[in-house]
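Chains A and B supply the protein sequences, listed in that same order.
For the first sequence, position 263 matches number 263 in our numbering, and the numbering has no gaps at all.
For the second sequence, position 20 matches number 1020 in our numbering, and the numbering has no gaps at all.
Just so you know, the hints here were simulated from the structure itself, not pulled from any lab data.
Quick caveat: nothing in here was measured; it's all calculated off a predicted structure.
Positions of the beta carbon are idealized from the N, C-alpha and C atoms, including for glycine.
Any given hint might turn out to be false.
Partial pick of chain A residues on the chain B-facing surface, computed with a CB cut under 7 Å [claimed, not checked]:
1) P64
2) F68
3) E75
4) A77
5) T91
6) H95
7) F96
8) F145
9) F181
10) G182
11) Y278
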Amino acid sequence: MKVTKIGYIGASVHRYIDVLAEENVDEFKLIFFDNEVKNAKMLQFVVDKYFPELSSKLSMSEIPWIKFLNYVSSEVAKTPSINDIIKFLPTAFLHFILNHAIETDILWIGDNDFDTSFLFANLLNYFGIRYIFTLKETRYKDYPFELSVLKHAKRIYLPHEKYVDFFQEKYGIDVSSKTSFGDIDWRSKLVKDRIVSKLNVAKLSQTDGKAHVVILSGRAIWKKSEVRSEGRYYYLGIIKRLLEAGFVVHLHTKAIIESLDNPIVHKENPYTELQEKYKNKFFIEDPLDLNDPLNYSVLMRYDYGLVHSGEIPFDETIRKFEEINVPNRFFEYWVANVIPICPKGVLDWMEKSMKNHVIFFEEPDIYEIERKKSITKPFDNYFHNLIRSITEEYLYQI
Amino acid sequence: MFHYADGLIKLLRKCGLTPVIVETSAVGSFKQNYTLLSSMNVKILSPSAVLDYIRKNFKDILFVFRTGCFLGGHDIRYSSGGADVDQIDAFYKITELLKKNNKDVISILAFDGDLFLNSKEWNRWLKKRIKNVDYILVDTDNLGYYMQFYLGIDDYKVIRVEVPDIEDVYVRIFPKYEKKVLLLGRWFGGPSPLSDLSIVYLSKSGLKFQIGIGESYHQVIIDRKRFSLEYGKVAFGLGYFYDFYLKEKKEENVIKLIFEGNYSHYQIPSLQLYYYPLIYGLTNMAGKITTYLQYGLIPVIPYDQNDFHREIIHKRMAIGIDKKLLFFNPLEYSDDFISWYRINIGMNLDTFTIAKFAEFIHNLLVKGDEE
């Protein structure tokens, strides 16, 4: 069968290798938005380098969706309506979309409220095109495009059952009858089995006898009181507590900034001061690009991976989502055999449902965490499960 | 309709020639042409007066010239009143008659993009009438190849006739431009990469301009200046995209298939009245593109196998759209870029003005041949 995904690619692009490896899939067309050219190139690179036998199944096309939305926003209204989108969409663009949307077995749209895929799906609603929708990040506030997708999508794939309650509470609709469960952030089984599992990497703790904690985060901020992310990227507090408990901490981040509201960079900042104070215990490491599976070898050196900063968002729209969220980095730790650890009180659903896979703590206690290390069980969900579910439901459900 | 007829008349007069127009029975379809030429005091012969005129003046006649379409029996003929057949037949008869009495007379037949050769019967008719023509002029190389393939005519020249005089070019450089795309004239439908937000519709402004054709020379001169003032700052002009985005086959294959006669002749969609043959998009030099260039508006056109398109794209006078480009954003182009392209347009006047034809005529007059 032919599967066409339009929308978000996101991090860990090699997840899509499981789509190519799926025996039901003969052809996978990935139509990506123009702000993700880098990720698309990375996917092509990984496929060509590690799985060349699958490359003939993959084709990709860029569509100038973001560029077009920005244009309409600048010329008409900051938040264009779906009527504006349809009215002003170039006919060549529309022709391309409809052509690909119709000439496929499974049309797959996704994934998040921030990536404009909801808006895109609404465009398809207008033309009566049927699609399935994978959904991950959302907020506890009304978003008409999201509601419309929940109503019109042929099937919805949500990370877990609590999302159904979330949407019931948020919109008063029950989507359970057309929902299946699968997390878009699950990692590739093929990459894990064929590449990461074969990397022979010793833990740092085997050399120095210390417990090493890694923090993977796109950004780290030092001003907690910012509005944009509600301090979720504020790691100074938890790092200090981990250090005081005796852990060695490694922070891998692309940028250390004051805040998301004011994203300035200082050469010397509270994180560098902390590094100075805790020499050989706290390390600000280079950013880690896990799009190339070989780079998991860096992550695999650590014992534990911090899933969340523990900072509880004040804003209800974020906090309620955090309660059901499974942060992306959890899956990275799991692929690299790094045991996820997390402060209690933020990720409510994970605390209840994934206690076998994550060590939750009130305060970091090195002896308690080391003791629980042996009882954590491997998490066993792969992107492969999601795509298998999608294709089998297409084949067997009417 | 003969575009920029005033330019041709001016050119001939500059060369010391006296133009005489032969009216045919399809005069009604070209009324504006005749009123424009009358306003320039051009002598117009009625059909009944032609024979007598030739008898009296055959020694003084240097050239017999005709420009325009040949529709080959295509449905579009209903909109032109059969003018193509009448004119070419008249041209043929006059040429034959003159050549019997004056072997030095030179016959020149120019074809615009409305040349359709999908009828064997009409092709035979045309071939008979053009086999002794001294010079055949076409707008594009593709049109020449097309004639070569279907009529076996391989002696032609790419010299454009229905284009503006250099004096009527209004390319101006501004510090800032209006980053929009003007749409002149007809629109044949078919997907394009333009958002409706970017387009300035001339028809919606309620203003009418007589630029390429007009009722009087005086009005044409006024309107050309008026158009320059009104739209001279608009950065781009929208060309035809026809079935560019609909073609699944590569352009090269399309050309080959057309030449092999294996490609449908009726493919250009969404035309208001009649379907145009597919070949039109590849052989035609659209009049609106000439007008955009005349005012320095950068044509936005498909990067296809139309050699006129390729020529102005390669000379950096037009933006060529790749089939993969689904959205043309005029805001992405800087004022400096637009000025640079306008300068290129100004530096390549022979591409879209009558300059090359003027040189051709001049050479015929001086040397007896343009070579």
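Here is how each hint holds up against the structure:
1. P64: Holds, about 4 Å.
2. F68: At about 5 Å, which falls below the 7 Å cut-off, the nearest Cβ of chain B leaves the hint on A/F68 intact, so it holds.
3. E75: holds, 5 Å
4. A77: violated, 11 Å
5. T91: holds, 4 Å
6. H95: OK, holds: A/H95 within 7 Å of chain B, min 4 Å.
7. F96: holds, 5 Å
8. F145: violated, 20 Å
9. F181: Cβ of A/F181 sits 35 Å from chain B, so the hint is violated.
10. G182: Violated, about 31 Å.
11. Y278: violated, 49 Å
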